[in-house]
Amino acid sequence: GAVVSQHPSRVICKSGTSVKIECRSLDFQATTMFWYRQFPKQSLMLMATSNEGSKATYEQGVEKDKFLINHASLTLSTLTVTSAHPEDSSFYICSAYRQGGMNTEAFFGQGTRLTVV
Amino acid sequence: GESVGLHLPTLSVQEGDNSIINCAYSNSASDYFIWYKQESGKGPQFIIDIRSNMDKRQGQRVTVLLNKTVKHLSLQIAATQPGDSAVYFCAENLQAGTALIFGKGTTLSVSS
Numbered sequence: 001g002a003v004v005s006q007h008p009s010r011v012i013c014k015s016g017t018s019v020k021i022e023c024r025s026l027d028f029q030a031t032t033m034f035w036y037r038q039f040p041k042q043s044l045m046l047m048a049t050s051n052e053g054s055k056a057t058y059e060q061g062v063e064k065d066k067f068l069i070n071h072a073s074l075t076l077s078t079l080t081v082t083s084a085h086p087e088d089s090s091f092y093i094c095s096a097y098r099q100g101g102m103n104t105e106a107f108f109g110q111g112t113r114l115t116v117v
Numbered sequence: 118g119e120s121v122g123l124h125l126p127t128l129s130v131q132e133g134d135n136s137i138i139n140c141a142y143s144n145s146a147s148d149y150f151i152w153y154k155q156e157s158g159k160g161p162q163f164i165i166d167i168r169s170n171m172d173k174r175q176g177q178r179v180t181v182l183l184n185k186t187v188k189h190l191s192l193q194i195a196a197t198q199p200g201d202s203a204v205y206f207c208a209e210n211l212q213a214g215t216a217l218i219f220g221k222g223t224t225l226s227v228s229s
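For the protein sequence lines, the chains are A and B, in the order given. Following my numbering, the numbering of the first sequence begins with 1 at its first residue and continues without gaps. Following my numbering, the numbering of the second sequence begins with 118 at its first residue and continues without gaps.
Quick caveat, the hints were computed from the structure, so don't treat them as lab data. Glycine is no exception: its CB is placed at the ideal position from the N, C-alpha and C atoms. Mixed in with the good hints, there may be bad ones.
[What the hints assert, rightly or not] DEER-style ranges, computed between Cβ atoms: (1) K64/A / Q162/B: 27 to 37 Å; (2) M171/B / P8/A: 34 to 44 Å; (3) G133/B / T31/A: 37 to 47 Å; (4) R174/B / K14/A: 40 to 50 Å; (5) Q42/A / D172/B: 26 to 36 Å; (6) E105/A / G158/B: 40 to 50 Å; (7) D65/A / S228/B: 46 to 56 Å; (8) G158/B / D27/A: 36 to 46 Å; (9) S226/B / E105/A: 24 to 34 Å.
So here's chain B without its partners, still in its complex pose (with noise of 0.2 Å):
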């Protein structure tokens, strides 16, 4: 069946760098993506969440990138720092009110 997926398990940065995690989805009729951060041991926190007839959004630190033509999904975060250090997921929504479908997550490691 069709989901979402992320190309790398694990991302290591330095801190003040900008990091760039990726997703790839599969499904053309996905209207809305969002970004999540989980913290070891705890529930999903949202970070920012992007519609389908959306390229771009930006929040503070943070941008979703999404690439309809290619079915690609970024979150940039700018100056990255220690605090950031998670496990990132990205996650479809195909219709509103139902279920999100998340991707299999990447793990950020921001060093000092």
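For reference, chain A alone in the conformation it holds in the complex (with noise of 0.2 Å):
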């Protein structure tokens, strides 16, 4: 079963207004979680780095203030998009670390598509 999940799957919401989207794990802690963007026929973009109890670290071209991302817990990373635009419609994927014995391994949620009209 999923061991990141991520909340809503779709959404779609009017121009201007806020949408959060929330990844969680679910059977482990995760002090740092990944937000990716992944536009139609393209890879996943790395967007951000959240740190749970810090801010988080934004890649080159990503803006923190239109991006808000919250790390309150070992377990949730919110991502909102604020004031959204049709620009801003993708698909976006969480992941976190998950550490077993001797292997780290990266986990995905199963990503939100956002349609802003």
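Hints given; two lone chains; assemble the complex.
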């Protein structure tokens, strides 16, 4: 079963509104989670690194005031797209590492399809 | 900046054939490489990984080869099945615990 869960899986919103996407690690604690954005027929592009209890680290070109990240607990990170515009329509994916014995494996959420109309 | 890329955007094969998907990476400091499969509308699904101290690793029907000399990574899928149709991404990790950097993706189409 899924070890990283995203909610919602799909959302449609009007231009100018804000949308919150949740990313949860289901059976492990994640001090760090990662947010990616994927446009159609393109690869996953890292947007930011979400750090529990501290500010997120954003990649170059990603507006931190537009994409608000909150990592308030060890199992939950949220991405809020503020004042959404049609060009923000994309597939947003989160990931987290789970440590197990000698191995550390990255797990991905099922993604959130955001459509801004 | 350095990035992970793929040679071909699409690959079409017949069911039962072996598939080879290639990836070129440019950062010689990368320590860990992973292949992911992504079906439409879903998040990436782990297929197989390999560390930089290895040159080959086998899984069930899949093999990953790493050639550090030419910075090349490949994924071999044996006896390709229609269910293997998806987009395949290679990803690299520069340091444990940091974000994965993804290549451009290859769309694999398997016809019966």
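Structure-based check of all given hints:
1. K64/A and Q162/B have their C-beta atoms about 30 Å apart, which keeps the hinted 27 to 37 Å range intact.
2. A beta carbon spacing of about 39 Å between M171/B and P8/A agrees with the range 34 to 44 Å that was offered as a hint.
3. Judged by the Cβ atoms, the range 37 to 47 Å given for G133/B and T31/A holds: they are separated by roughly 45 Å.
4. Separation of R174/B from K14/A is about 48 Å and conforms to the stated range, judged on CB atoms against 40 to 50 Å.
5. Between Q42/A and D172/B the Cβ separation comes to about 30 Å, which falls inside the hinted range of 26 to 36 Å.
6. Take E105/A and G158/B: their Cβ atoms lie about 23 Å apart, and the range 40 to 50 Å is violated.
7. One distance hint, 46 to 56 Å for the beta-carbon pair D65/A and S228/B, holds here, with the actual separation near 48 Å.
8. With their beta carbons about 24 Å apart, G158/B and D27/A fall outside the hinted range of 36 to 46 Å.
9. For S226/B paired with E105/A, a C-beta distance near 28 Å keeps the hint of 24 to 34 Å intact.
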